[in-house]
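**Student:** Single-letter residue listing:
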Amino acid sequence: MNLQDVWFCLIGVLWAGYFVLEGFDFGVGMLLPFVPRDEGERGAMFESIGPVWDGNEVWLVVAGGATFAAFPAWYGTMFSGFYLALLLILFFLIIRVVSFEWREKSEDPRWRRAWMWANTVGSVGIALIWGIGLSSLLHGVPLDSQGNYVGGFSDLFTGYTVVGGIAFVLLFAFHGAIYLTLRTAGGLCERAQSAALRLALPAVAVGTGYLVWTVAVAVDRNDKDVFPPVLPAAIAIAARVLAALFVRLRRSGLAFALSAVGTLGLVATLFTSLYPRVMVSSPDFANSLTIQNAASAHYTLAVMSVVAAIFVPLVLLYQGWTYHVFRARVGGGAAVPGDTPAG
Amino acid sequence: MATGSFSGKVDGIDQIQAQEQHNFGAGNYVPNVMVDYWAMRVMAYLGMLLFLIAAVGAWLYRKRKLAGARWFQWSAIVAIAFPYIAATAGWILTEMGRQPWIVQGLLKTDQANSPNVTATWLGISLGVFVTLYALLGVVDFVLMRRYAHPGRPETREELPVPAVTY
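Protein chains in written order, with this note's numbering: chain U, 1 to 343; chain C, 1001 to 1166.
Treat the hints as calculated values from the structure; they're not laboratory data.
It should be emphasised that the depicted structure is a prediction, and the values quoted were computed from it without experimental measurement.
Even glycine gets a Cβ: it sits at the ideal position worked out from N, Cα and C.
Treat each hint with caution, since some may be false.
Said to hold, decoys possible - According to the in silico footprint, chain C covers these stretches of chain U (three or more CB under 8 Å from chain C):
hint : region
1    : 72-84
2    : 98-112
3    : 147-154
Kindly produce the complete structure, drawing on both the sequences and the hints.
**Tutor:** The following block contains the structure:
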């Protein structure tokens, strides 16, 4: 395994960490208009992700930074080519970030409703665009022989990528509902439970369909064998089915852990499907970016590997500590004895 | 300062232009001197002015005159803007100062742009962000005014107190 493989895996891990963590806070954001009964419960939902959403977002920054440093050609083509999509993501990120800070600054119901919707629209929009964008890496976008993007915004939309976007939204909503059953108390916890139950079937169905389709696309358009991508896909599907089962059994901790495994499996499926390419070119398959032709020089990768080996564990430690500090349940008045969370 | 000694010789703009042409071929290798000249001075003088204001404040505080010195309080308020302006000027200095290179000696700015992103799209994205930040800035100002208004009751929501359950 050479350094390019290591960095390809590490970037996959960073994306997976981003979607496992920010996935649930996007999910909570999506459920804001539907789950709570009153402003108090809505405030508790905001509070359940308040201390952690920004830390979760840093995983995206690191994934982008690692791509820039390890695979500059991938970064250049993706960030230039997906210009409008990333512009939209930034816009949604900004209004969502502001909603956390400003919602509680006024009692005016219109003000509060506006910022709640800013959070919800941001959460749905970002999940949708990432689903479409990352699926496009595998499905193929028009690249020229220099590896430059020569398509437009509409080239990102195909049946497969749109299903990818919808799958991301549903999976995160499901993940977020389970997170709420783990982090809230009282009536809010009950309502989160029924939301998780209602989301289970669509999340499992669309998630499974997307994973199967991903393996098919990898075989069809990226010259891959069914194995190995089918392995993480199978794990992801099984984990999600089990998560739905444990939601029904009210084992929130297990359900959340399995839903997280499902998201890890999803990203693993995408990355094993891509390997050794990072951006599939279509129609000219020969123009695809690979981990060899998109990578930095060996020296850069070696220096970065040392830096990552030191700092990634440190970051994991203090993020884990944040979750430990804010482990108490929120909302619902008196605390109710719940099941033991997995993490 | 540039050479780390008192007797060092610093090349003039014309010599550097000639040398770069010799190394990298014909072209203009001189950044916009007027912009850099003023960005450097805005950054440095505002920074010094901030030190001065801070020192005057510390002196007034020691003399127990801080609470009565309205003129100083006003200048301190105005000085809130200085670090932002100085940092922006410093940023402009480095970004303009390294033109035409985006990486000195390796990559020129006009070769580093995204080939598929048109000027129209750059304009649209810039417009979107300027409008968004301007709106957010206005709302932020209104919010700060509300909170700073003397005698206004605290409007913060009572946050539910979490209880440890495990």
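**Student:** Confirm or reject each hint.
**Tutor:** Here is how each hint holds up against the structure:
1. Under the rule that three or more residues need a Cβ within less than 8 Å of chain C, the assignment of the region 72-84 of chain U holds, with 6 such residues.
2. Counting residues of the region 98-112 of chain U whose CB lies closer than 8 Å to any CB of chain C gives 6, which reaches the minimum of 3, so the coverage claim holds.
3. With a cut-off of 8 Å between beta carbons, the region 147-154 of chain U has 4 residues touching chain C; three or more are needed, and the interface restraint holds.
Violated hints are absent here; each numbered hint is respected by the structure.
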